[in-house]
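Chemist: Here is what each chain is made of, one letter per residue.
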Amino acid sequence: AQSVTQPDIHITVSEGASLELRCNYSYGATPYLFWYVQSPGQGLQLLLKYFSGDTLVQGIKGFEAEFKRSQSSFNLRKPSVHWSDAAEYFCAVRPGNNRKLIWGLGTSLAVNP
Amino acid sequence: DGGITQSPKYLFRKEGQNVTLSCEQNLNHDAMYWYRQDPGQGLRLIYYSQIVNDFQKGDIAEGYSVSREKKESFPLTVTSAQKNPTAFYLCASNRDRGDYGYTFGSGTRLTVV
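In order, the protein sequences belong to chains A and B.
In terms of this note's numbering, the first sequence opens at residue 21 and continues consecutively.
In terms of this note's numbering, the second sequence opens at residue -12 and continues consecutively.
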């Protein structure tokens, strides 16, 4: 079955430190890949997406993600974290022509001052 | 600006009552979705609709009902058959072609009192 795994339930980093959130998916072909961010009590906002082409994707708020086919991964990175980045981050996969997204369980990010 | 509006933001339900959550979009999106979010469980799909007057059950449809009489609107009714309705409910939409990312509303928090 198709699935998305975010291995880290919770991560704490210091402000100014670099960040990498992991996402692995299970799907035979290359899916459409997404990262979303959710602040407490809010809806989800799209950070970035990958459909094809360059495997390094730039998003909003200084985030980027790299698609690695060999590892079935789509990890999210940011060189220097700001306190306002504290939120829940979700990775999602859209297999083939199916409109429905398959979601990871999320990674909660805390930022220490 | 285009977007998705969910109302109300907070909703309280007595045991045995049906309540309806509103979701309206002015993005001209074809597909709309309802998710339920509980701590640690990510996003679980309740119902989705790809076209007016048609909708399909998601993974946790029991105790819920929807309608799609207009392209812009996709209300969700939480019936008395839903035994544990306290949760955060998110509505989302996306286009038929091109951009496959979802746009989310800001959510409705439903509490049973």
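Simulated from the structure, these hints should not be mistaken for lab results.
This one's a predicted model, so the numbers in the text were calculated from it and none came from an experiment.
Some hints could be false.
Said to hold, decoys possible - Computed from the model, here is a short list of chain B residues facing chain A with C-beta under 8 Å:
1) PHE(-1)
2) SER9
3) ALA18
4) GLN28
5) LEU32
6) PHE42
7) ALA48
8) GLY50
9) TYR89
10) PHE91
11) GLY94
12) THR98
Beta carbons are placed, not taken as given, at the ideal position from N, Cα and C, and that holds for glycine.
Chemist: Tell me, which hint numbers fail for this structure?
Modeler: Violated hints (numbers, rising): 1, 2, 6, 7, 8, 12; every other hint is consistent with the structure.
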